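Peer 1: Assemble the complex: chain V is given as a structure, and chain W must be docked to it using the hints.
Line order of the protein sequences matches chains V and W. Note that the working numbering gives residue 32 to position 32 of the first sequence, counting from 1, and the numbers run on in steps of one. Note that the working numbering gives residue 70 to position 70 of the second sequence, counting from 1, and the numbers run on in steps of one.
Source of the hints: derived by calculation from the structure; they are not laboratory data. No experiment lies behind these values; they were computed from the predicted model shown. A couple of the hints might just be wrong.
Said to hold, decoys possible - Not close to chain W: a few residues of chain V, all C-beta gaps over 10 Å, as computed:
#, residue
1, N46
2, D107
3, D215
Unchecked claim - Covered stretches of chain W (chain V as the covering partner; in silico rule of three or more C-beta atoms under 8 Å from a C-beta of chain V):
#, stretch
4, 296-303
5, 372-380
No residue lacks a Cβ here, since even glycine has one placed at the ideal position from N, Cα and C.
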Amino acid sequence: MKFTIEHLAKAFDKKQVLKDIDFTFESGKIYGLLGRNGAGKTTLFNCLNGDLKADAGKFYLEDNGVTRNVVPEDIGYVLSTPTVPEFLTGREFLKFYMDIHEGSIKDPKPLDAYFDYMSIAEEDRGKLLKDYSHGMKNKMQMLINIIARPNVLLLDEPLTSLDVVVAEEMKQLLRSLKGECITIFSTHIMDLALDLCDEIVLLSHGELEIVDKADLDSQEFKQKIIAALREEGND
Amino acid sequence: MIKTLRISFSLKNAYTVNGILHAIKQMPILKKILPGTIYQVRGFKIFANVLSVLWEIFKAFFGKLLYFVIMFMAAGFLYELEAENEGAFFLHVLLFLSVIGSYMNTYMFNPTKDKYYAMILLGMNAKEYTLVNYFYAIFKILVGFTLFGCLFGMMAGLPVGICLLIPFFVVGLKLTVAAYDLRKYEKTGIATSENKLGTPLWIFTFVLLAIAYGLPVVDIMIPQTASVIIMLLVIGLGVVSLHKILTFKQYREVYREILVEAMTLMNSASQGDMVRAQSHKNISADISIESHRKGFEYLNELFIKRHQKILWKSAKRIAAIAFILFAAAVLVLYLKPDFQTEVNGMLMTMLPYSVFFMYMINRGTGFTGALFMNCDHSLLTYSFYKNPKFILKLFQIRLREIIKINLLPAVVIGAGLALLLFVSGGTENPLNYAVLFVSVTALSVFFSVHYLTLYYLLQPYNAGTEIKSGMYQFMMTATYFVCYMMLQFELPTLMFGAMTIVFCVLYCIIASILVYVFAPKTFKIRN
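Same shape as in the complex, but just chain V:
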């Protein structure tokens, strides 16, 4: 499966944040989206998720040569600050989700199996989400986003504020999921991107470009990425 974006553009007031996004993502890979502060990473995700209306351009999925428009169910979007319905318990949120997706989830499991999978402790499952820690909210949000196996998984700085243990669990999780979907992962942390991602994509000048690793060693590759990003700051 391929996820193609064509000539996507978005401006705020007079500031052209996304100029001409033109890129094709392929399933089975984790894409690390790097960009400087304010480069428009979140704007791009918001456009793809339908929260923002793009000024121009389109994006679609292509499976075995057949193209079709993206519907909300295709996208999983994990925000940097996890948001969960605070008045529900973890278990209730999951039950609600399973209820309304009855029939459309391929191999539904018992609720506790999902909690086990995410390493959410037994005693926390019945707590109100408003009393969850940051890391647990993040896990919950991730869980809801991956149960239905979305074709495109957008992750906006998901690991930045997690403790090392949870961050490691999440990394493992993303690696285990990547076979089935297109994962686009935005981050500021270069080492994380290099560690986890199969491809590095830069968002600069409002455009996406892939950084070719070719036969560079990791130190040289880093230098190349920084040089490319620094260029933007100068104009």
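Peer 2: Frame of chain V; chain W shown alone:
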């Protein structure tokens, strides 16, 4: 000293000016016209500067004027005083109110943003900054109280000499309290923030208020001469206190304590986080709450049950109060039959009042607010929740719930009005009973539909839970205005009631159609 004064003025002015420009930039139409660079444009800056200066003058004078008008003149109307007692009454009230003001409004211990910027962020000399600004504040009080104290004091028949003591007395009290708090800090290390008074001081405040306004009712007042002596003593204390204020060395430490505490509340949690945290307190922690339904009915039932406090409880309370009031009214009509004709006449012509009344008691905005803060704010970030089918399904469920909640008090009020009509002598056309009842309940349904429709069509909140829709605010104000205007009408109940019912039914039909067509597009988090 002069330099500190100049810097602190320009600092305060800079953020007042930017605050004004920001506010202008939020207005519905101007928002589109004005450029994002507004903060740099000279013309706008000057304009905002003028407003800022006017605001400063307004605060210095108008605030005091309002204080005297409300506290003394309005209160004066309520008491029937002999002319010779007016002066004593004036001083009696002034004495107690000034005591309250001396610790509620110290200036020195008020944790404001300008102080935070100047002393904590910019690292200005705390003592110099505090003293310069403190004496500027004191100067404003002196001017304001000299002017209005004399004006109102002389109106109460006090001689000019006593009137001239007023500003010095007020300032003397403030100085005394400030010096007392500074000394307390030196001894105990506890800094007092005037925004955190604590229960004992609040009780003390109410006692003082009771003494100020309660005792004159039974003709007990501090005699004028005694008041003057107290004032002179306080002025003396003030002069002594001045010494402490000028020589105190630990301003920096005091402010670090009260400012950092206050500002972490304002900064770390942005405004939106605070609003949400407040809203989360409405979620019941009762773990026995559960639901056996499925899907959206499950979500809804849990939401309603966990928000009992702000939804059903207040509706029940209003219904209970309405019930008691109607029961009392019926009783009065039995005991005093003379009122019957009057009440009957009112019921037959003043139904338009019920529009405003039903507006006031409707829980619609509370419901939509809680829906967003505690539910949609998070769920709208999930793709599945934005499925048009789901949006409409949940809209139906929520509409049913909000109508149910509001209907309870409406039924009590509708039935109460009909009963009152019957007890007060009845009517030749029995249709009036039905119209009273149906129109009040129809109004209740109307407001429920109205608020939920506006919420779904305009979804005014952004991710930071600020209201970002000018249209939404306009509609809210317009709703209030129209309901308020209804207080001006007197129409025959039959006619107005029939019109109301037709309007409500039509409105509900149109609103539902609009939601079905547009909500799947409009119901999302604003940017």
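Peer 1: Mind listing which of the numbered hints don't hold for this structure, in increasing order?
Peer 2: Violated hint (a single one): 1; every other hint is consistent with the structure.
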